[in-house]
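Work the whole structure out from these sequences, hints included.
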Amino acid sequence: MTTTSQPSTQHVGVRPLLKVSAVRKYFPVTRGIVFQKRVGDVQAVDDVDLEVYPGETVGLVGETGCGKSTLARVITKLHEATAGTLEFDGEDYTHYSRKQMRPLRRQMQIIFQDPYASLNPRKTVGSIIGDPFRIHRIVAKDRIKGSVQELMERVGLSPEHYNRYPHEFSGGQRQRVGVARALALTPRLIVCDEPVSALDVSIQAQILNLIEDLQTEFNLTYLFIAHDLSVVRHVSDRIVVMYLGKIAEIAPQADVYRDPKHPYTATLLSAVPIPDPELAKARRRIILQGDVPSPINPPSGCRFNPRCPRAQFPICATEEPLLREVGPGHTVACHFPLADAGDLIEDSRRRAGSDSPLPTPPAV
Amino acid sequence: MARYIARRLMWVLLVVILVTFLTFLIFFVIPPVDPAILFAGRAPSERLIEEVRQSLGLDHSFWVQYGLFVKRIFLGDEYGWPGFGLSFVTRSPIRENFLERAFVTMQLAIGAAVVWLILGVLIGLTSALKRGRWQDRASMGFALFGVSAPVFWLGLMALYIFWEKLHWLPGTGYSSFSEGVGQWFLHFLLPWVVLALLFAAFYARMVRGSLLEAFGQDWIRTARAKGLSERKVVYKHALRASLTPVVSLFGADLGTLLGGAIITETVFNLPGLGTYVVRSVQNGDLPVIMDVVVFASLAVAVMSLVADILYAYLDPRVRYS
Amino acid sequence: MTHRFSRDDSNNGKPLLEVRDLKVQFPTPDGLVKAVDGVSFKIHRGETLGVVGESGSGKSVTFLTVMGLISSRDAHLEGEVMFKGRDLLKLPEVEMRHIRGKEMGMVFQDPMTSLHPMYRVGYQIAEAVLAHEATSKKAAWGLAVDLLGRVGIPKPAEAARRYPHEFSGGMRQRAMIAMSLVLNPDLLIADEPTTALDVTVQAQILDLIDRLKTEFNAAVAIITHDLGVVAEHCERIQVMYAGRVTETGTGDDLFYRGHHPYTWGLLQSIPRLDAGQTQRLLPIKGLPPSLIFVPPGCAFHPRCPYVMDVCRTEIPTMRLEEGEHAAACHLSSEEQQRIFTEKVLQQT
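Listed in order, the protein sequences are those of chains A, B and C. Numbered per my numbering, the first sequence spans residues 2 to 365. Numbered per my numbering, the second sequence spans residues 6 to 326. Numbered per my numbering, the third sequence spans residues 9 to 356.
If you are wondering where the hints come from, they were derived from the structure by calculation, not from laboratory data. Be aware that a few hints might be false.
[To be verified] Quick look at which bits of chain B chain C covers, simulated, 3 or more residues with Cβ under 8 Å:
no.	region
1	220-228
2	244-252
3	281-293
[Stated by the list, open to error] Derived contacts from chain C toward chain B, CB cut-off under 7 Å, selection only:
no.	residue
4	108
5	110
6	121
7	125
8	126
9	136
10	138
11	140
C-beta atoms are modelled at their ideal positions from N, C-alpha and C, and glycine is treated no differently.
Right under this line is the structure:
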């Protein structure tokens, strides 16, 4: 099942900080009240391999239900993996208990989307940021306040606001509190789960810059999850595109817009509106039909096959494409990867010419 | 939908089995006095007690007795179906007496339910529509009064005013429908209103709360955006959504009352299940108490079931999950 | 199915909607919230106006007021909303109700919560028809099915009998669009119609709105925070900040020769998918102002890198540049052009 898909030329000989191997997360679907019968699984994450190397930012994109947030939760052990292994700096922590996780937690932090929901409304900002210090006892009690205020200043909060409550802050400031809290223990890896999606454009830019600056300053590694392709591309060195619980493509930042290989990546890119009227007019867009299928009974073969303008049958509906390398650090899970982004336009035009825009795959 | 009902019916069955068992346990295993002695009357002979024990089936093992008890309820006894057994006190079949009293309680409960539903919804609606104004404050004042005033005090005050002082009402007691609609209505009017007040207060608060919640919903804005009249927005959209939670509560409340409204029946001297059970407790009439307990729990279970089915009918999101 | 009503084209050349100096102020315990503070704009038939701004810019409140969904009962209203020759702010509620849904339709941000959960989708659309037309329930239902088909919902007759929770987000937004277009309105207002949707679904919905605009010969206002959306789908764009319009013009005007520092700030704040080399973003410093204590003078002055003394005291008026391009800024046109070419174009 697992292929050695990752080792890109840049990372030869370097041990990944985070290694995710064949990880699966299924949520059982049950029916009945007294006797619960398992009728299926939501295959939220299915056989995902991922490596994150020290100092880099790996971006994880995909639409609702692609499994990116579930994967983040599995990696940070907020969810237990159904199968597969998780390694942090070579240490297998897949089945660690809460207590065993403690030293690891210091090194692996998470920043959430909704800063408000993740901050205790009854605690002052100072004590929220200071909590990690108290829990892990790494700073002497009398020096906590000083350290917290230093941190607050670093993330762009006024240290005088130490005694304020989360509701007194704006969305952007609350996200700064979230960043400060994650930073308190000087972690090595920070998982950012949609950290800027709830923020206004001008504030979003402030937080993105902050996240970038902190990376250099504290030598951080990021796993950056978002649905906004422009944001992900902006911050990431490598981009992982997920679709229905599987990785569709992993591409270096420079390649993803210029040279997408997976038809899904290409359609996703073409759907993002670009703030440039001329370019927008010149661009030919591919509009997918229908919705993402249910992850309870995902399509067989390639999960994208029912919506793919490039699918060929029967192979795309019968055989699951494995991730294979198509360029340096660039892997794709597709039977017919694109040679050129224009290919897909041709494909969809050809399909549009026929009566049914998409051929119905034969029953398997 | 059929699956849903079947599943819920299984639950009702489970509840009934559990209730009959617990009732049986409490009343036949725990009592300090041998029921046979109780039944046998004053200064009975050993032989008489033994006979009674045999005729009542008390000589059997616990499980056999329980089996007989359940069998009597569900399959009926020599006095008809369902089997209510023999009273220890009157030594006559309970059935007829029980059904008569259950009918009285039913009239009381259903009448009161109609009153509190109308009052509760109207008051809740008014106060939600006039939020913050005097109508709202008056309504919520009433609600506070209704929730906190004890029923027996309310009943006695009402009797004192409308019967004793104003002579508007004919007094307490039961007058059956066949004896004349007017008398029947006048005899029930006060009990209905008094019993309904407490519930009306609760329901008014609930309707107000859920209406105000509904008014804040996006789909209310949508309803206005398509140009519906304010009346349609309120009655078809907001009220429809706020009444669904009322329905499930209503079922459980009505079910509870069907098992007897002890205080109201006592105050107004109504021969219902409530007064029946009080008397039977005083007399130690175990079979009657057991019958009432089983009937009351069955009423709650069935009414909740009906309410849930109605709820599922009203809210499609429940129906299909 | 015939549901095209004859359209009067008598007011050709005149704008379909003209808002003049609109002010909307909400009284709150903390003070008067000046949500909209002197906004003027026009929308012509057949065009799409994009209204861009961040939260609190007053873009939604402006259009909720146009729809009559914010009335003088909720807020203090001033100004004129001229729609097909009538001032909507002066119309009695009964008449306003007949314009809402019939002559103007509105689509909201969150399709998950914008439909009544307990009524069938078809019913909710038919209801809009029955509110305005003396027609049979059956005919209204038929119209609903027809519209569901036209917004691209497969098997519309079946779909009409479904409940909202059985629809995906994209399908619900299509249903909302069907509902707002069922009476062939002159103006469709879409308030962040795709913010809650995935990007591939967003593309479907915006495409649909573009297509229906031509098909129904309507005017469209898209309210959004996404500069990409307005660049691709709107003929004219209006940028709002703190309840005021800061700049208005065509897409080219704003993106290639923008005149307002706030517009520049927005352009420099967004990561570009098509950027060759990813550069550092240049965020606008500080936070948007409170709408109770709006800064005196230009509301943007505390965050503006080019602030001058006059900006702190005097509210700038809209200055026409060329065509319909106008901006409200105290900087001189030449100065603005210089900064834009030297600083902003370099960045974006």
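Hints, verified against the model:
1. 220-228: With 6 residues closer than 8 Å to chain C, the region 220-228 of chain B meets the three-residue bar; holds.
2. 244-252: This one holds; 3 residues, not fewer than the three required, reach chain C with a Cβ under 8 Å.
3. 281-293: violated (count 0)
4. 108: Given a least distance of 4 Å, the restraint on residue 108 of chain C holds.
5. 110: Check passed: Cβ of residue 110 of chain C comes within 6 Å of chain B, closer than 7 Å.
6. 121: Check passed: Cβ of residue 121 of chain C comes within 4 Å of chain B, closer than 7 Å.
7. 125: Check passed: Cβ of residue 125 of chain C comes within 6 Å of chain B, closer than 7 Å.
8. 126: With a closest approach of 6 Å, the residue 126 of chain C hint holds.
9. 136: 4 Å, holds
10. 138: Check failed: Cβ of residue 138 of chain C comes no nearer than 9 Å to chain B, outside 7 Å.
11. 140: Status holds, d = 6 Å.
Against the hints set out earlier in the document, violations occur for numbers 3, 10.
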